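**Q** One-letter residues, chain by chain:
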Amino acid sequence: MKPKYIIALTVVVVFLVFGAFSLKKSLTPYVSFAQAQKGGTVQIIGKLVSGTDYYDSQSQKLAFMLTDQESRLQMKVLYDGVKPGNFEQATEIVAIGQYQSGTFEAEQLLVKCPSKYQGLPPDK
Amino acid sequence: MWLGQASLYLTFVFTLAALVLYGLSLKNNRQLRKADLTFGAAFLFCTMAVAFLFYAFLTHDFRLSYVYGYSSSDLPLFYLLSSFWAGQEGSFLLWLFMGFILGLFVIKSARENQAPAMFYYSLVQVIILFMLLKKSPFELLPNTPVEGRGLNPLLQDPWMVVHPPLVFLGYTALAVPFAYALAALHKNNFETWPRNAFPWTSFSILTLGAGIFVGGFWAYKVLGWGGYWGWDPVENASLVPWLTSLALVHGLILEKSQGSLRKTNLFLALISFLLVIYGTFLTRSGVLADFSVHSFADLGINKFLIFFMVLFLFISAALMLMRFPKMRVQKSASDPFSQQKFIIYGIWGLAILAFLVLLGTSAPLLTTLLANPSNVAISYYLKISFPLAVLLVLFLSFSPLLDWQKTDLSSLRKKVLIPFVVAVGLTVFAYVWGVKNLSHLLLLFFTFWALFSNLFRFFRKLPEGLVSTSGFITHLGFALLILGVIFSSGYSKSNRVALTRGEVENIEDFQLTYQGEIQETNKQNSVSILFAKDGKSQEVRPQLYFSDYTQEQMRKPYIQRGLISDLYLAPLELRKVSSGHSDSAVILAKGESFQIPGFEITFVDYEMQPHDQGGQMKIGARLEVETEEHSTVLVPYQVIGGEQVEYHDVTLQDGQTKISLQKIVADTRQIGLLVHTEGGNSEVTQTLLVEVSHKPLINLLWLGGILIMLGSVLSIKRRAI
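Residue numbers (this note's numbering), protein chains in the order written: chain U, 1 to 124; chain G, 1001 to 1721.
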């Protein structure tokens, strides 16, 4: 094998290893509320406790409570960003972030709504 | 509307016939003319189907489930036309239709490769038709609704008219190099394929790229999509094939001139279109429904998409395995420090980037298969794209200065000097301005360098005609794009401000006053903000309303465009706090009175009378209610003696204050009243929460996009047959 192939191969392998490593670190598995409290970046899914959302004017963050559908545990979520458009109507809310001393600090919120982009025909 | 469905079936029959006829022409071109005519006929029927669907939208034919689902009779003509591709079924029809149009051009220009290229091309069309027939836009409802559901307000935007057609045109165009690659492998003749494939690859870079940029621009000015780029699966699904076709176009340049990189190019051409299908599968099949902001619901075409994917994967892999081992390849004899080699490095960079983005986008699917379904955080994409962006701009900064085969290092030193010095200067300037992050400075430095290397070469080359500078223009655009991204996202200053109605708020060097809600005729209500700067003031109206269609809050920012920086005013939330909203208890003796805003209320006397036969008793409190103009008497009362006490309250003239008689204290001859006040307009304080942010140098991003598109147009012109 010529040295230039070895160099090329090394570069490619380094990148792929780097990519796989980053991917593994950035993976955010869906976990239960109890597991989320153990730390790490994860996704939790739950129902919004209606009426609990407000803007915390000091930290300028959106705060709300989520309920785990299975364990009925509740968790306070802080989100540094714009309240998603369909927040109140969401069937479920996915929060991606980390649990830190009593609250879940969300980096990203995904709001699940039934049939968001699909026109549903009337009852057939 | 059976006519529409019938034309779809006829399109299918004729495309299938064309496929067979092209298949029969593979050995000798005997049936070729017949095949072309059949393909043309299929095109006509497809045009009819498209026309019928447009007609159905224009005449509000709500018998059609698709028309019902995506339009309504009050929709303006402009949006009525774009409703055509608002949903899955219509998008596929659009894709099919564009496929036919491009197919006609392929017939005209394919020459000796026509039969095999059109054979594989028709196969793609047949499979899209399969999916369309499975989920047709001409499906009828059992009964005709009077009104349609309307178009998602997020999609009611002028960009909706051009964005999806551009993306689908790009997807369709990638089917052409795909078909040419298969044709070349099929015939085992590779002489003409790069010349055939090149303009189509450039064309798909142009259209898919324009689609991506238009999408980004649209997302930038409508808040609901979350910024110009969010690494969402739907966005990534269009980015990945775009990156691979960028790699392909560079490979084809080398293959055309040197005959090298043949296998790489064939592979890239095949994989680009396979990635289009895979992306369609990821985003349209509902597998990512839990992970994406805008993925589509499952329509039951998954099996077809998987079949589609596996079939083409199989054909591609089989043909490559058959031909590659015996293929004669031209080794490029160039120096490692030559333009040729740098093109190859760039191809690798783009391919690795595409692969890593693909890996992230597929993560939910892969992890679902392996274990716990997981998504990747956006930080993954930032992490992987950063070093590759540095490498790519590094290649861009050198390659225009290098010689094609072997670079004379002493002449290189001279050429490098000016761009290098300018880049150092600008990086220092950026540092002083506020870029303190070391990795940002590194990326900035190479980007500036790439910018000026290409700029100088551009001016050097310009006398030979604009067309000959296409590469430099595209690379200039790429450097500007990266600058725009670094500054607008990394150095955007933003803060959230609460604006109380009627009160002037000082923010930086301007004043904002929230003036109230505005009812718009199209129900897309907005909020009125007075924006004052340097003594001049102007009313701005960002949108903030609740949509009945999507059952969600819609927001559209106000953007004040500036050359250096955009001011981005995004309404977040309108809070209405009613000052009067309260329940208060009052205890009064006879003759005593109390006041609430606008009223003075005096307890005059009891009223007692038997209620009905059952021995129930009605006890009331006669209240004299005085306003400034007049006084009335109201009597809230209780009915006692039944199983439960019934309370009957009274409402004051303002319609918001209710008074009920809660307690009768007989021994002290007092009454207890409960005064319940709803928030009335006059007493509500409205607070509008807005996010004020600056997007510095965002214009460089758009300018970069435009230059990349311009460069692609020129490159098509330059290398078209």
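Worth flagging that the hints you see were computed from the coordinates, not collected in a lab.
The structure displayed is predicted, hence computed values, not measured ones.
Keep in mind that the hints are not guaranteed to be accurate.
[Claimed, not checked] Calculated lysine-lysine pairs in the DSSO-like style (CA-CA distance at most 30 angstroms, straight line): (1) G:Lys-1406 / U:Lys-2; (2) U:Lys-83 / G:Lys-1187; (3) G:Lys-1187 / U:Lys-61; (4) U:Lys-4 / G:Lys-1523; (5) G:Lys-1576 / U:Lys-47; (6) U:Lys-83 / G:Lys-1221; (7) U:Lys-61 / G:Lys-1533; (8) G:Lys-1406 / G:Lys-1341; (9) U:Lys-4 / G:Lys-1221; (10) G:Lys-1135 / U:Lys-112; (11) G:Lys-1576 / U:Lys-76; (12) G:Lys-1221 / U:Lys-61; (13) G:Lys-1406 / G:Lys-1187; (14) G:Lys-1256 / G:Lys-1108; (15) U:Lys-112 / G:Lys-1523; (16) U:Lys-2 / G:Lys-1135; (17) G:Lys-1263 / U:Lys-4; (18) U:Lys-83 / G:Lys-1493.
[Said to hold, decoys possible] Over 12 angstroms on every C-beta distance to chain G, these chain U residues come out as not near it, computed from the model: (19) Pro-29; (20) Gly-39; (21) Gln-43; (22) Thr-52; (23) Met-65; (24) Leu-73; (25) Gln-100.
Every residue, glycine too, gets a C-beta built ideally from N, C-alpha and C.
**Q** All the hints need checking, so say for each whether the structure fits it.
**A** Here is how each hint holds up against the structure:
| no. | hint | verdict |
| --- | --- | --- |
| 1 | G:Lys-1406 / U:Lys-2 | holds, 19 angstroms |
| 2 | U:Lys-83 / G:Lys-1187 | violated, 57 angstroms |
| 3 | G:Lys-1187 / U:Lys-61 | violated, 63 angstroms |
| 4 | U:Lys-4 / G:Lys-1523 | violated, 65 angstroms |
| 5 | G:Lys-1576 / U:Lys-47 | holds, 25 angstroms |
| 6 | U:Lys-83 / G:Lys-1221 | holds, 17 angstroms |
| 7 | U:Lys-61 / G:Lys-1533 | holds, 28 angstroms |
| 8 | G:Lys-1406 / G:Lys-1341 | holds, 10 angstroms |
| 9 | U:Lys-4 / G:Lys-1221 | violated, 48 angstroms |
| 10 | G:Lys-1135 / U:Lys-112 | holds, 25 angstroms |
| 11 | G:Lys-1576 / U:Lys-76 | holds, 24 angstroms |
| 12 | G:Lys-1221 / U:Lys-61 | holds, 23 angstroms |
| 13 | G:Lys-1406 / G:Lys-1187 | violated, 35 angstroms |
| 14 | G:Lys-1256 / G:Lys-1108 | holds, 21 angstroms |
| 15 | U:Lys-112 / G:Lys-1523 | holds, 25 angstroms |
| 16 | U:Lys-2 / G:Lys-1135 | violated, 54 angstroms |
| 17 | G:Lys-1263 / U:Lys-4 | holds, 19 angstroms |
| 18 | U:Lys-83 / G:Lys-1493 | holds, 19 angstroms |
| 19 | Pro-29 | violated, 4 angstroms |
| 20 | Gly-39 | holds, 15 angstroms |
| 21 | Gln-43 | violated, 6 angstroms |
| 22 | Thr-52 | holds, 15 angstroms |
| 23 | Met-65 | holds, 18 angstroms |
| 24 | Leu-73 | holds, 19 angstroms |
| 25 | Gln-100 | holds, 16 angstroms |
In summary, the structure is inconsistent with hints 2, 3, 4, 9, 13, 16, 19 and 21 from the numbered list given earlier, while agreeing with the others.
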